[in-house]
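Enquirer: Sequence:
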Amino acid sequence: MKKRHGSFLAVALLIAATSSVQAKDICQEKSYEMALRYQQQSAEIAALRLQTYHFAQQRLATILQGKKDHNKLAVVMDLDETILDNSALLVRDMQNCHDYTSWDTWSDWEINGNPTLIPGAKAFIDYANSQNVNVYYVSDRYNENKKYTMQTLTKLGLPQVKDDHVLLYGLSKQQRRDNISKDHQIIMLMGDSLPDVSAQFKNKKDTHYNRDLVKKNAKHFGADWIVFPNASYGAWTKAKLNAWQEK
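0 is the number of the first residue of the sequence shown in numbering that gives the first Met the number 0; add one for each residue after it.
Just so you know, the hints here were simulated from the structure itself, not pulled from any lab data. It is possible that part of the hints are untrue.
[To be verified] Restricting the straight-line Cα-Cα distance to at most 27 angstroms, the calculated cross-link-like pairs of lysine-lysine (BS3-like) are: (1) K239 x K203; (2) K181 x K204; (3) K237 x K203; (4) K204 x K214; (5) K71 x K203.
[As the list claims (entries may be wrong)] Label-pair distances were calculated between CB atoms; the ranges are: (6) Q150 x D103: 19 to 29 angstroms; (7) H53 x C26: 34 to 44 angstroms; (8) C26 x D163: 15 to 25 angstroms; (9) W243 x D68: 47 to 57 angstroms.
This one's a predicted model, so the numbers in the text were calculated from it and none came from an experiment. Backbone N, C-alpha and C fix where the C-beta goes; we use that ideal spot for every residue, glycine too.
Make a model of the complete structure from these sequences and hints.
Expert: Here it is, written out as structure tokens:
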């Protein structure tokens, strides 16, 4: 009996050790795969982006009807996942089982990567430019890589890619918006993250708190705040999910 017990114990220990090794080999980053498929490949997100930009252009045209000097007006836009599609980097990292939300591959992407344009972005920006509206690109990309970001924007054919119109990480986004407001009236804020449109969303509160803030600021959405879909990363990624509790 002792020998049999010893054999069972050995088998149990072997199974436990094997399971431990397998657990370490599991690619946790694969949990991002469905979101990235939606973000990069779905026809629905292409439609949503086009729809959002079409609506934003219609809204901008309406705002401009009541304004005389368009040179004093400004549209402030985020870059990543608003104008630039960086999903190729995120997919590469996910497939390599590397957590892209550590952002340690982002600087190299800014220098050597080849992001594409979000559908509708160029048409909207070209329209704003044609109406003599100032377009400011306000992004938390690395300031030390600014020349590469500007090269990317120029290569993609975007207008107003000037040193004072491409404002990258350093000051907070609100401080950068405040500096723009010294000389211009900001008539539209656009981004894939709520802090792109208002500093009040730059907090460490849970998603319930921020959803309440959205309700309190409902009048802005679609009026002067335009938000784009981004399923690949954001402040919500660790939010607790609610499951159906069958009775």
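Enquirer: For every hint, state whether the structure bears it out.
Expert: Verification of the supplied hints:
For a cut-off of 27 angstroms, the pair hint linking K239 to K203 stands: about 15 angstroms separates their Cα positions. The straight-line distance between the Cα atoms of K181 and K204 is roughly 30 angstroms, outside the 27 angstroms bound, and the hint therefore fails. For the given pair, K237 sits about 12 angstroms from K203 by alpha-carbon distance, which is consistent with the 27 angstroms threshold. As the CA atoms of K204 and K214 are separated by approximately 15 angstroms, the hinted pair is consistent with the 27 angstroms bound.
Only pairs whose Cα atoms come within 27 angstroms are accepted, and K71 paired with K203 is rejected, the gap being roughly 35 angstroms. Here the CB-CB span from Q150 to D103 is close to 22 angstroms, well matched to the stated 19 to 29 angstroms. Evaluation of the 34 to 44 angstroms hint for H53 and C26 yields a pass: the beta carbon distance comes to about 38 angstroms. Roughly 43 angstroms separates the CB atoms of C26 and D163, a value that falls outside the hinted 15 to 25 angstroms.
In this structure the hint that W243 and D68 lie 47 to 57 angstroms apart at CB holds, the actual value being about 56 angstroms.
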